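Listed below, chain by chain, are the residues.
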Amino acid sequence: MSKASIALNRFGLGARADQPVPSDPVGWLTGQFAKYDPKPDAIANAPTSAGVSAELADYFRQQRALRAEAGGRPGRPARAMTDAPMQMAAPGMQTAPAMAGPTAPVQSDAIKQARQFAQRSGRNDYAGAVGARATNALITDTPFVERLVHFWANHFAVSADKLQVIGLSGTMEFEAIRPHVLGRFRDMLSAVERHPAMLLYLDQAVSVGPNSPLGSRIALRGNRKVGLNENLAREILELHTLGVRTGYSQGDVTEFARAMTGWTVAGIGQGPGARAAGTDGVPGDFVFAAPLHEPGDRMVMGRSYPAGGVKQAQAVLDDVAAAPATATHIATKLARHFAGDTPPPAMVARLQAAFLTSGGDLPTVYRALIASPEAWVEQPLKFKTPWEWTISALRGLNVKTADPLVMTGLMTQLGQPVWRPGQPVGYDDIAESWAGPDAVLRRVEAAERFAARATNVDARALAPKLFPGAVSPATATAIANCESPAQGLALLLVAPEFLRR
Amino acid sequence: MYPPVFDRRSFIGAGAAGALTLALAPRMAFAKADTDRRFIFVIQRGAADGMGIVAPVGDPAFAAARGMLAEDFVGAARLDGMFALHPAMPTLRALYGQKQALFAHAVASPYRDRSHFDGQNVLESGGTSAYQEKDGWLNRLLGVLPPTQAKAIAVSATVPLALRGKHDVSSYAPSNLPRASDDLLQRVAMLYQGDSQLHALWSEAMNTRALTGDLAAGGGANAAATGALAAKLMVPANGARIAMIETGGWDTHTGQRQRLGAQLKGLDAMIGALQTGLGPLWSDTMVLVATEFGRTVAVNGTGGTDHGTGSSAMLLGGAVRGGRVLADWPGLSQAALFEGRDLRPTMQLDAFIGGAVAGHFRVEPARAMAALFPASRGTKAVSGLV
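Respectively, the protein sequence lines represent chains A and B. Heads up: the first sequence runs through residues 7 to 507, numbered per my numbering. Heads up: the second sequence runs through residues 76 to 461, numbered per my numbering.
Hints may contain errors.
Computed spacing ranges between beta-carbons, pair by pair [stated by the list, open to error]:
#1 A:LYS118 / B:VAL310: 33 to 43 Å
#2 A:GLY287 / B:ASP243: 51 to 61 Å
#3 A:ILE376 / B:GLN409: 16 to 26 Å
#4 A:ASP115 / B:SER204: 51 to 61 Å
#5 A:ALA355 / B:PRO162: 53 to 63 Å
Once the Cα atoms are required to be at most 30 Å apart in a straight line, the calculated BS3-like pairs of lysine-lysine come out as [unchecked claim]:
#6 A:LYS339 / B:LYS209
#7 A:LYS339 / B:LYS241
#8 A:LYS41 / A:LYS317
#9 A:LYS339 / A:LYS41
#10 B:LYS241 / B:LYS455
#11 A:LYS471 / A:LYS118
Just so you know, the hints here were simulated from the structure itself, not pulled from any lab data. Being a predicted model, the structure only gives us computed values, none of them experimental. All C-beta atoms, glycine included, are put in the ideal place defined by N, C-alpha and C.
Please model the complete structure; the sequences and the hints are all you need to start from.
Right under this line is the structure:
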C-alpha cells in the first residue's frame with residue numbers, strides 16, 4: 007500500500023471517492039485533531055441520556071402505579087423488566103444462540119403494554135443512535151479521530167442486553183467518549199464510569215455497602231437481596247485500566263467495590279437500594295448516594311484510601327488511570343488496532359512511554375502512534391471487522407446517510423451488532439474472530455446488495471481512488487472482466503484490498 | 076440507500092411430527108461404523124452456576140449457603156440422595172431417567188483466577204494457564220481421529236478458539252442476507268485464488284453451503300433452532316462429526332433465579348432439538364456441556380452470584396453411561412470452601428473431558444490426554460464415562 011492508501015484505510019475509515027487523496031498523509035492525520043467536532047450534526051440530533059432516561063423513568067413510574075392498582079407491592083417495578091432480553095428490529099444471525107427470555111410473572115394487559123412500549127422506545131433510541139453513529143462515520147472529514155472514538159467505545163464496552171441499557175448504550179459513546187477522545191485518559195475514564203449506561207450495565211447502580219446506613223437498616227429487616235456487587239470494580243481493573251493478571255487480587259477487587267458503593271444513577275435505578283437511597287435528581291444523572299456508601303478507609307493494591315464519600319473511589323480511579331500497567335494495556339490495544347494482531351513490542355513501549363510522560367494525554371499517544379513505522383508497513387496488517395468493512399464500503403460508494411433500522415439489521419447479519427458485544431470485554435480486535443468462511447460469504451452477499459443500488463459507478467475508475475497506488479493487478483483484472491458494472495462493484499467491495507486494512 | 080436485508084430462505088424444520096415418531100420408535104441396535112459417532116461441545120460462556128443447575132440439596136449447608144437460590148429446588152425431583160436437577164430442564168431429567176445424562180460436579184479447569192476471558196481461554200485451549208496453548212483442544216482432537224471422523228463445524232459465524240488450529244474446520248450460522256448470485260460467487264472464488272487465507276475461507280464456505288442446501292433460512296434465532304441446525308449439519312453421511320455450539324448469558328451477577336431459569340429452559344430445548352434432529356444417531360452421540368468456572372456459593376448483594384471456581388459439567392446422549400452424578404463432594408461448610416467463598420473443585424475438567432472423548436471415540440485415554448491437554452502432564456483421564 008502507498009502511504010496515502012494506508013492513511014485513508016488503516017488510520018481512517020476508508021476513502022470517499024468525492025474527497026481528495028491526501029498529498030501529505032501524516033499531516034492529514036494530525037490535522038484532524040484541530041478539525042474534530044465532538045458534536046457534529048448527526049450526533050447532535052441523536053437520542054441523549056436525559057431523553058432516554060426520562061422515558062425509562064416514566065415507564066417505571068407507570069409500572070409502580072399499575073402494580074399498586076393491581077394490588078401488587080406498591081413501589082416495586084416488575085422484576086421481569088430488569089433484564090428483559092433485547093429483541094432487535096431485524097431478526098438475524100446470532101453468534102450465540104439466543105436463549106429464551108425470563109418468564110414474566112402473570113401480568114395485567116396494562117402492565118404488559120407498558121413494558122412493550124418501553125421496549126419499543128428503547129429499541130427506537132438504540133436504532134436512532136446506531137444510525138447517527140453510522141451517518142456521521144460516512145460523512146466525517148476527521149475519519150482517523152472517528153476511528154479512535156469507535157476504538158474507545160469498544161474498550162469501554164457496554165452491551166445493549168438489558169432493558170435499561172438498550173437506549174443508553176449509544177449515548178455513552180456520544181457523551182462520555184466523544185468529548186474526551188482528544189483529552190486525557192483520566193477524564194475519559196471518569197466520564198465513562200459515571201455514565202448511566204456503564205453503571206447500569208455492570209450492576210454498579212444496585213451495589214449497596216453492607217454496613218452503609220441503608221445496608222444496615224435492610225439487614226435488620228432480614229432482606230438479603232441488597233448488598234455489594236463487585237462487577238464494575240472488577241472490570242475497571244481488568245478491562246478498563248490495568249489489564250488482567252497485572253497483580254491485583256480478589257481482595258483489591260472487593261475493596262474497590264466497597265469504595266464504589268454509592269456511585270449510582272438517579273431516577274432509573276432498580277431495587278430497594280436505588281429507591282430507598284432517595285436518589286432524586288434528573289433521571290439518568292450520576293449521583294453519589296451517601297446512604298449506600300460503605301463507611302471506612304479502604305486499602306486497594308497496598309495503598310490506603312481514607313473515607314471520603316464520592317472522592318474515595320475517584321481517588322482509586324485516578325491512581326489506576328495513571329498506573330504503568332494501564333499505560334501498557336492501552337498501548338498494547340492501540341498498537342494491535344493499527345499495527346497488527348500481534349502488537350510490535352517496540353511500538354508498545356513507545357506508546358506506553360508517551361502515555362506515562364504526558365500524564366495520559368491522548369493526542370500525545372496518537373502522535374507517537376502516527377510516528378511509529380510499524381503502523382506504516384506496506385502489506386495490510388488487519389482483517390477488517392464487520393463494522394469497519396461496512397463503513398468503508400458505504401463510504402467508497404459515496405453513501406451519505408444510514409437508515410437506522412437497516413443499519414442495525416445489517417450489523418446483526420454481519421455478526422457485529424453495534425454496542426452489543428454481549429461481554430464487557432467488547433469485540434475482539436484480531437483476524438481470527440472475523441475471518442470466518444461464513445462471515446466472508448455474508449460480506450459477499452451484502453456487497454451484491456450495496457452494488458445493486460449504486461448507479462453510475464465504474465468500479466475500474468473507483469478502485470484507484472479508494473486505494474491510491476495500491477490496487478493489485480489481480481483485482482483490477484477481475485473487475486475489468488465482470489459482466490456488469492454492478493458486478494464489478496460488488497467484486498471490488500469484497501476484494502482482498504477491501505477486506506483488509 | 077440499500078434495501079432491507081431481512082428476507083428469504085426457508086426455515087430449518089424440526090417438526091413436532093418428527094419428534095413424535097422418534098419418541099415412539101423402539102431403540103434399535105444398529106451396527107455402528109466409525110462414521111456414526113457424533114460429538115457436540117456446548118460451551119456456556121459467562122461462568123454457569125453449577126450449583127444452580129445440579130444442586131446439592133442433600134448437603135446440610137446448602138439451604139443456608141444459597142439462600143433464595145435454594146428455593147428453586149423446593150420440591151424438585153432428586154437425581155440421587157444428594158443432588159437435584161433444576162426444574163426448568165424436563166428433557167434432561169428424562170434423559171437422566173433413561174441413563175443418557177451424566178452430571179459431573181465440583182469440576183474445574185486448571186484455571187484458578189476469575190477472569191471470564193482467561194478462564195474461557197484455558198477451557199478452550201486446553202492449557203493449564205491462559206494463552207499457553209495457541210490452538211484449541213477440539214481442533215487437536217481431530218488429529219487423533221480417523222479421517223472419516225475428523226470433520227468439525229462451529230455452529231456460529233466464526234470459529235471459536237476450541238476449534239481453531241491446524242486442522243481445517245468449518246463454520247456455519249443461518250443468515251438472513253440475500254443469497255449472492257452464482258456468477259458472483261464464482262468470480263469471488265477466482266479473485267481469491269492467489270490469496271491463501273481468503274482462498275481457504277472461501278473453499279470452506281462453498282463446501283458448507285453445498286452441504287446445508289436451503290436450510291440457511293430465516294430463523295435459527297433461538298436455542299431450539301440452533302440445536303436443530305446443529306443436528307442437521309451432522310446427520311448427512313458427509314456432514315460434520317464434531318460440532319461446537321456457543322451459548323452466552325450465564326454471567327448472572329444479578330437476579331439469578333429468573334435469568335438462570337430462562338437460560339436452562341433454552342439449554343433444555345436445544346438438547347431436545349439435537350436429540351430429535353439426530354434421530355437414530357442419538358444413540359451414538361455425546362454432548363458435552365461445560366463452562367469456564369463456577370460462581371460464588373453465597374448469594375451476592377443483588378440476588379446473583381459473583382465469579383467463583385468449581386462448577387458442574389454434563390455429558391448427554393445415547394452413548395453416555397448416564398443416570399449418575401459423578402462427584403467427590405467437598406461440602407459447603409465455610410471451612411470446606413475454596414478461598415472461603417467458592418465450591419472447591421475435586422475433579423479436573425480436563426480429565427473429565429479427556430475420559431469422555433477417549434471413551435466415545437475409542438481412543439487410548441493416555442493418548443487422548445497427551446493430544447488434548449499436553450500441559451496437564453500425568454493427569455489421568457476419568458474412566459467409565461461411556
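Restraint status (C-alpha distance of A:LYS471 to A:LYS118 at most 30 Å) = Violated: A:LYS471 and A:LYS118 sit about 54 Å apart, past 30 Å.
So the hint says 51 to 61 Å: do the beta-carbon atoms of A:ASP115 and B:SER204 match that?
-> Given about 55 Å between the Cβ atoms, the range holds.
Hint consistency between A:LYS339 and B:LYS241 [alpha-carbon to alpha-carbon, up to 30 Å] | Holds, at about 26 Å.
Has the given pair, A:LYS41 with A:LYS317, been kept, meaning a C-alpha gap of at most 30 Å?
-> violated, 35 Å
Please work out if A:LYS339 and B:LYS209 have their alpha carbons no farther apart than 30 Å.
-> Holds. A:LYS339 to B:LYS209 sits at ~19 Å (cutoff 30 Å).
Has the given pair, A:LYS339 with A:LYS41, been kept, meaning a C-alpha gap of at most 30 Å?
-> Distance of about 25 Å is within 30 Å: holds.
Decide if the proposed pair is consistent with the structure: B:LYS241 and B:LYS455, CA atoms, cutoff 30 Å inclusive.
-> holds, 26 Å
Given a hinted range of 51 to 61 Å, is it respected by the beta-carbon distance of A:GLY287 and B:ASP243?
-> Given a distance of about 58 Å, which is inside 51 to 61 Å, the answer is holds.
Taking 16 to 26 Å as the hint, is the beta-carbon distance of A:ILE376 and B:GLN409 inside that range?
-> For B:GLN409 against A:ILE376, whose Cβ atoms are near 56 Å apart, the range 16 to 26 Å is violated.
Can the suggested window of 53 to 63 Å be confirmed for the beta-carbon pair A:ALA355 and B:PRO162?
-> holds, 56 Å
Assessment of proposed distance window 33 to 43 Å (beta carbons of A:LYS118, B:VAL310) = For B:VAL310 against A:LYS118, whose Cβ atoms are near 40 Å apart, the range 33 to 43 Å holds.
Hints 3, 8 and 11 from the earlier list are contradicted by this structure; the remaining hints agree with it.
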